[in-house]
Amino acid sequence: MGTTRTRGVRSIGGRQVLVVAAHPDDEVLGVGATIARHVGAGDTVSTLILAEGATSRDMPAGKRRRAATGRLRKAANRAAGILGTRPPRFAGLPDNRLDGINILDIVKIIELLLAPSSPSAPRGRGRFRHPGAPPGRPI
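Position one of the sequence shown corresponds to residue -5 (this note's numbering), numbered consecutively onward.
Calculated from the structure, these hints are not laboratory results. There could be a bad hint or two in this list.
[As the list claims (entries may be wrong)] Distance ranges between label pairs, derived from CB positions: (1) Ala69 to Ala27: 15 to 21 angstroms; (2) Glu105 to Gly8: 18 to 24 angstroms; (3) Lys102 to Arg80: 16 to 22 angstroms; (4) Gly75 to Gly8: 17 to 23 angstroms; (5) Ala109 to Gly56: 33 to 39 angstroms.
Every residue, glycine too, gets a C-beta built ideally from N, C-alpha and C.
Whenever a hint applies, use it, and build me the whole structure from the sequences.
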């Protein structure tokens, strides 16, 4: 297969790209244009959303929170359809509490997703940092 170029993204035969986002909508707001470029270049884009996005909001646990989480997931699925990516995967971690989760536990979640698809161009933007990571370099 030949090389294709779409708006600055070079793809040889269609790469596997994984976008890791902290919350629902971060994938669109953070790297939506890059996702669109990869899809336009023929790459297969998968998305992993780590936190469920609702538990930090002022609402009691139970039905209302589950309904809010469901709406966020539906919106993420609609966004994936518009962008042309695979349906997003959800880790379901607690919203705005990623800093309290052992980094190894998060890495294991990502590794489980990477095993079958082997993305060749991981993309991501986030605030979560490994304690030993240099400042200004998000994981």
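key: Indices of hints not satisfied (ascending)   = Going through the list in order, the structure violates no hint and respects every one.
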